[in-house]
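Peer 1: The chain contents come next:
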Amino acid sequence: MSKKKETVAVHNMSKAQWTWHLMKQYKVGYFMTIPFMILFFAFTVIPVFASVFVAFTDWNLLQTPNFVGFQNFITLFLNDDLFIIALKNTILFAVVVGPGSYIMSFVIAWFINELDPKVRAFVTLVFYAPSLTGSAYTIFQYIFSSDAYGLVNGWLMNFGLIDAPIRWFQTEQYIFPLCIIISLWMSLNTGFLASIAGLQGVDRAQYEAAAVDGITNRWQELWYVTLPNMKETLMFSAVLSITGAFGFGGIVTSMAGDPPTGYVGYTLTHHLGEYSGARMEFGYASAISFVLFLIQIGANMAINRALSKVGK
Amino acid sequence: MSKKLRTRRHRVVLNRSSGGDMGITLLLFILGVIMFLPLYYVLIQSLKPLDELFYYPPKFYVINPTFQNFADLFNLMSESWVPFSRYIFNTVYITFMGTAGNLILGSLCAYALSKIPFPGHGFFFQLIVKSLMISSAVAGTLQFVILTKLGFMDSQWAIILPTWASTLGLYLMKQFIDANISTEMLESARLDGAGEFRTFWSIAMPLVKPAWLTLIVQSFQGLWNTGASIFIQSEDLKTLNYAMSQVLSAGIVRQGAVSASTVIMLIVPIIVFVVSQSNIIETMATSGMKD
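As you go down the protein sequences, you meet chains A and B in turn.
My numbering numbers the first residue of the first sequence as 852 and each following residue consecutively.
My numbering numbers the first residue of the second sequence as 1003 and each following residue consecutively.
Keep in mind the hints are simulated off the structure, nothing from the lab.
Even glycine gets a Cβ: it sits at the ideal position worked out from N, Cα and C.
Coverage of chain A stretches by chain B, computed from C-beta distances (three or more under 8 Å per stretch; other residues unrestricted):
hint, stretch
1, 878 to 885
2, 953 to 964
3, 993 to 1007
4, 1039 to 1048
5, 1084 to 1090
Please construct the entire structure, taking both the sequences and the accompanying hints into account.
Peer 2: What follows is the structure in structure tokens.
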């Protein structure tokens, strides 16, 4: 009897009342999420969305901000040569390192997929180890050390290929390729582990069915069976690859300095650091981060579109 | 069926040319060597005595291995005017506090987003997914302002608090709970009169051990490498990684000590990963992103 009454009551509720009813019924859900959400909003959501507004002001933390319209963006694109350099470098790095690391982590995961589990665990460690510590790239300062005791210089001189040691990270033409090599070396991270797990999760029966259906080689199998079966994993690791490809400045800074020689490898991360940390020009810095934000959203939309074509 | 199928252990073995198998093995081996070489080289460098460090051309092996570089490193460290143990304490403190907070807040939130259909849970989760798509530099500008305004300048909380709200571990845990805990199981506990927090703690958490291990390892790896930070000025609040990098800046004569420090910074996360690898892979199996 009472149950019937309740159903009637539900029918008579407006949408807002019904939502309120659910909110009360599941209020424990809010208690459980709110501690995390407060911090998540404070340190991620609010900073990202507020930067959209701050980008249109001249805020410097000390004085009341004035609304300046598109002035920051006009300065960025027309009067700030360093910004253009940083933008070009950032996009170039991302275009090479993003797809590069993504393809590398998938291909290696695919290669090791059929190994014996114990061997696979070991090989996984070998490939994953470089990304385990953020500081492992300091090794390359000794491999590409600027004197004859550096590994590369020493051997190149020994073979008579060069006469004098090359100052790798102070020479404009080497900074860019070296930083790309180092970041690719370190790029087999969480997305790589996800690919390994994703490949393991593809049902074996599907491969057998595909063989009976006339798939003749491993490439066809990859394209028609494996990839369509792990689209969600592909999306997850693509997202991580993109984020990684844009969070790049750290390697350049520690290998070549900030700013690096001739501003080769100078990225938006460096430019952001210059205007927020050093000059406290938060309006201008917000405009830079807003541009970075738009680029990343665009990259994610592009990869989403590309992945929808997989297996077709 | 005209097609010939090879079989191995009574199962169909598919479309594998032996040439392809060999090519892949060879390629994998070469790639593996390239990946491993830098790590191997730093290990070798850390074991070389001084005269061998200055051999020309540099050798890929060590003739008289020694732990002298590790001893030198600790001597150099003890010369700094802040005791070395202080840097270790700081790194351990930041790593522990950050990881514990992220684990507690993140798993509570992941559970609620997965299993309690409160209005707004879908929206919250979408925000978390979107946050994975942007690099930390985007939020960094105004995050700096917020942390400064909150009074965390020159405080380790400026590093710890943002990691409490890091989203990757939460995302992985939520996906894992979705796939591994059935609502019926929780329903029966709720019918027995267990509150939501109790259900979370005694039913859900024991079942998602791989996910919280993964969250711990992720968070640990990030925090263990905390280096110089714009927030921290006091020398006695700085981290092990920072102290190590100071040794590095002294140049070539300390190459051995630097290699030793890199080995130390690497060895801890490697051990942590080896111990938890199978759990992490298990968690990653449910990491897929639906669109």
